[in-house]
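Based on these hints, arrange chains B and C on the given structure of chain A.
Keeping their order, the protein sequence lines are chains A, B and C. Per our numbering, residue 1 is the first one in the first sequence, and the count goes up by one each step. Per our numbering, residue 466 is the first one in the second sequence, and the count goes up by one each step. Per our numbering, residue 931 is the first one in the third sequence, and the count goes up by one each step.
If you are wondering where the hints come from, they were derived from the structure by calculation, not from laboratory data. Hints may contain errors.
One side of the interface only, derived from the structure: several residues of chain B facing chain C at Cβ under 10 Å [stated by the list, open to error]: (1) F493; (2) F546; (3) G592; (4) P744; (5) L747.
Yeah, the Cβ is synthetic: ideal placement off N, Cα and C, and Gly gets one too.
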Amino acid sequence: MSLTETLTALNQKELALADVVASLWKRIEEREPEIHAFIRLADPEALMRREEALSSQPLRGLPIAIKDNLTTVDLPTTCGSKSLSGFRPPFDATCVTRLKAAGAQVQGKTNLDEFAMGSSTEHSAFGSTRNPCDPDRVPGGSSGGSAAAVAAGEALAALGTDTGGSVRQPAALCGIVGLRPTYGRVSRWGLVAFASSLDTVGVLARTVRDAALVLSIIAGHDPKDATSLPLPPHDYTENLETKDLQDLKIGLPREYVPPGLSPAARGLVDRWCQALQELGAEVVEISLPLTEYALPAYYLVSSAEASANLARYDGVRYGLRVPGELMAEMMAATRTAGFGREVKRRIMLGTFALSAGYYDQYYGKAQRVRTLIAREFEAAFQEVDLILGPTSPTPAFRLGEKADPLSMYLSDVFTLPSALAGLPAISIPGGEVEGLPFGLQLIAPRLGEEKLLRAAYALEAALSA
Amino acid sequence: MDVIIGLEIHVQLATRTKLFCRCRADYFAAEPNTLTCPVCLGMPGALPVPNRKAVEYALRVAFALGSEVQPRSQFDRKNYFYPDLPKGYQITQRAVPLAVGGELVYLLDGEERRVRIRELHIEEDAGKLIHTPDGALVDMNRCGVPLVEIVTEPDLRAPREAREFLRALRTLLRHLGVSNADMEKGELRCDANLSLSQDGELGTKVEIKNLNSFRGVERALAKAAQAQAEPLSRGERVMQATYGWDETRGELLLQRQKEEAHDYRYFPEPDLVPLELSPEFLAQVKEGMPELPWARRDRFVSQYGLSARDAEVLLAEPTLADYFEQVAAGVGDGREAANWVLSEVLRYWREGPPVPAGELAELIRRVRAGRVSRTNAKQVLEEAAEGGRSLLELLESRALEQVSDEEELRRLAREAIAAHPQAAADFRAGKAQALGFLVGQVMRATRGRADAKKLSQILRELLTE
Amino acid sequence: MIDDRVMARIEQLAGLELSPEEREALKADLTRILDYFQKLSELDTQGVPPFEPLPGQVNAWREDEPAESLAQGESLANAPEQEAGYFKVPRVFGEP
Chain A
1 MSLTETLTAL NQKELALADV VASLWKRIEE REPEIHAFIR LADPEALMRR
51 EEALSSQPLR GLPIAIKDNL TTVDLPTTCG SKSLSGFRPP FDATCVTRLK
101 AAGAQVQGKT NLDEFAMGSS TEHSAFGSTR NPCDPDRVPG GSSGGSAAAV
151 AAGEALAALG TDTGGSVRQP AALCGIVGLR PTYGRVSRWG LVAFASSLDT
201 VGVLARTVRD AALVLSIIAG HDPKDATSLP LPPHDYTENL ETKDLQDLKI
251 GLPREYVPPG LSPAARGLVD RWCQALQELG AEVVEISLPL TEYALPAYYL
301 VSSAEASANL ARYDGVRYGL RVPGELMAEM MAATRTAGFG REVKRRIMLG
351 TFALSAGYYD QYYGKAQRVR TLIAREFEAA FQEVDLILGP TSPTPAFRLG
401 EKADPLSMYL SDVFTLPSAL AGLPAISIPG GEVEGLPFGL QLIAPRLGEE
451 KLLRAAYALE AALSA
Chain B
466 MDVIIGLEIH VQLATRTKLF CRCRADYFAA EPNTLTCPVC LGMPGALPVP
516 NRKAVEYALR VAFALGSEVQ PRSQFDRKNY FYPDLPKGYQ ITQRAVPLAV
566 GGELVYLLDG EERRVRIREL HIEEDAGKLI HTPDGALVDM NRCGVPLVEI
616 VTEPDLRAPR EAREFLRALR TLLRHLGVSN ADMEKGELRC DANLSLSQDG
666 ELGTKVEIKN LNSFRGVERA LAKAAQAQAE PLSRGERVMQ ATYGWDETRG
716 ELLLQRQKEE AHDYRYFPEP DLVPLELSPE FLAQVKEGMP ELPWARRDRF
766 VSQYGLSARD AEVLLAEPTL ADYFEQVAAG VGDGREAANW VLSEVLRYWR
816 EGPPVPAGEL AELIRRVRAG RVSRTNAKQV LEEAAEGGRS LLELLESRAL
866 EQVSDEEELR RLAREAIAAH PQAAADFRAG KAQALGFLVG QVMRATRGRA
916 DAKKLSQILR ELLTE
Chain C
931 MIDDRVMARI EQLAGLELSP EEREALKADL TRILDYFQKL SELDTQGVPP
981 FEPLPGQVNA WREDEPAESL AQGESLANAP EQEAGYFKVP RVFGEP
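Pulled out of the complex, with its shape left as it was, chain A reads as follows:
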């Protein structure tokens, strides 16, 4: 059952919270040993006990899974890293506070690539998460735990974070819905920073309506985040249903259907275009020639910001400490032991990109290219309302298959450009390739969430028909 359906059932007294929790935990018992979506789970009894207290609130005590790079006071926040093992922050992330204010409860903390750096959830210090559709394969990343939990029926919905595609890509690989809002639409207070100018809190859910519901609860200005947009919350479930998409012009960039795309995937893209046309939308081919530059620009900007954001893990005030006789020794030893290979790689890359003599050529250049990419989208959105394409070039790959970092990075080609431009985007199930889920991505202009969700909702219905 979806989150919305469960709520309806609760409202109509067909189910009690205890039933819901029991059923989720039954699924967890069945599937967790294989999937390992959660790092930590709440006590189900404790969740059930709050039924009465929360029954008058919109989410009626329903549990939501939270990616472990969002701070929670109820459970430790590890970010999938040894350096934060057991860490208990004294504050909830704003998105968590708002969910709780709406009556939701924290179900548990889901697994992720360490500090959200990765596309497979193989880079966690607490083990890899498996794709529920095929446990030999990755669920995607970095919000792999959240995606797997929802896809496996262990969770009704989950929060994730999307920096370069980390909500959309795992959603695509696991066959569920993944929503990335406009940068600044949801507060980053409590989102453990990876790349400050790219990080967004996102939603993983079974349906577009569910995603819209959760977004409505968490979005809105937060005075604790100077980069949050000065806009109030909004009910995105309101105008979700449209019979047709007559007013919509959808662009399909030729760069999003590259020669390397498999025939099966190509077939799905054609099917999407057809479905859209049947809904009354116009589908046109467009070109976004800067697409191939998004990867280097993204990795340079995000690694540079990450190198500074992760400097606080020095063993002084919290987290892991490896003893040393001198402060500098202790710090270097702590960081080297606390961070995994991918994190170290990005810190080194980012430090280099900012260093004297290299700044202009690397970080500086990347930020300017980013402006060009954003302008390219703006120009495209003068022509079309939304942009369509596959979320990921391939379905889920096998664990250990993409050992080479560059090849891992290349799997993000379709999600990186929109992330760089701070645009809202969504991935919905788009069919199957080789029996594995294959995601469809829609990208909207800044603050185009309503248009985005409406189109996604209609397409979701059309494709599942």
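For chains B and C alone, kept in the frame of chain A given last:
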């Protein structure tokens, strides 16, 4: 050889809260780590939000120095590791500081000197480190306190110029109400750089850090100049170096030789948006500013008829200047008030006025009215100032009101003449000092309360009848 | 481009102490990655400003109103080592 000195001054702004969080900024006497929060502790997920008052205070300094405010400025990250720097970077302003240019005019031996300002900007303070034999203790209370950094051009030419410049700066800061600027309390800190120039050629620069008293600044610079002069006069080169200053031993401590340029990898702070200061906003700040000390000095001269010198002394402390004006208003005569404040009250001035302005004004009024003798007034003032008792209470209890009633004085005079016939005879015989003796007798009898002038006149009359 | 000297300097700036094997592996990774990233120089960015994710958003500041700080115990709750209300760390200076 010429001595070339430049200063880098850090001023702690007297805002209620810190620069980027709402912890109280008055850390001076607080227990360690009791004025901290996730933001100033650099916890994962925490974000900075700038304090508008800090920007306003910094702007006051900029206006007072005649600096050019940059209509658009930004914050940057300065990246380095140190245990008192919780995020592993300091949020400061580098690429576009708040204001550039300007100058401070100060007096040296009665002559006007000018020191040009290169730039001034806002940044956050770091925590406090206490070194112990087996490690170091870190207190984060001071972390995040707002600072204004003022960088001068190397316009100073002698150690004592630096001292006088700092004194003048402190006075200015106090008048602006932005900082108490007490070096002993760390509210004003100074790094100095010095080089000797020979035949117009600028020598190597040495840096002296962490100076925390005016005297220390002067002594350290004198030592540094001396230390450089010797090798230079022998034709040797001086090594670029950084020193600390040991106040107790009066010695320079070498910290770093041949300073490797630190690579701070500055980049724009992605957690903050730029500052854009509209002309309206700037006008508002200017209007809300207290009177500038030199404007006030000019006004003291023109409005109260004070000498420039007296005005200067009264303006050494804004609280003193305020006090003077209150007394002047109460007395209705600026010069009289200045006279009293400077010659009688100032010597008792410690942290603040020894007696309330209102009471002093009343005392002066009574002296002017002839109700209290000047001598008695000074005596009572001393008692009130040192003993802390109320001036007016003392006046009442001692019944120190002058006897100036004509009848009363005549009676007392006759009594004295009757009691001392020899003196009376002596005076009539031409011994002038006998009158003084009789005056003294009456004064004794009235415990100093007799109006001496009137009394003399009356005695003279009676004796020559 | 990435020689041992550069690696050593970056390592130091990054606060890391890699094992020789890790260092070699990362050196190879970084070299490959940065080579690939040279692509960016193909684009002309003359006169293009750095990206602004929040166009037109300025002055997101707050009033000078205090809020309650954490209690000392809360600040120190996650501290690896503490002493008398302070965070305790190893000696900063001196020979090891």
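Structure-based check of each hint:
Contact between F493 (chain B) and chain C, as hinted, is not supported at the beta carbon level, the nearest pair being about 15 Å apart and thus beyond 10 Å. This hint holds: F546 (chain B) has a C-beta 5 Å from the nearest C-beta of chain C, less than the 10 Å allowed. Taking 10 Å as the C-beta contact cut-off toward chain C, the hint placing G592 (chain B) at the interface holds, the least distance being around 9 Å. The criterion of a C-beta within 10 Å of any C-beta in chain C is not met by P744 (chain B), whose closest approach is roughly 14 Å, and the hint is violated.
Below 10 Å, beta-carbon pairs count as interface contacts, and L747 (chain B) has none with chain C, the closest being about 13 Å; its hint is therefore violated.
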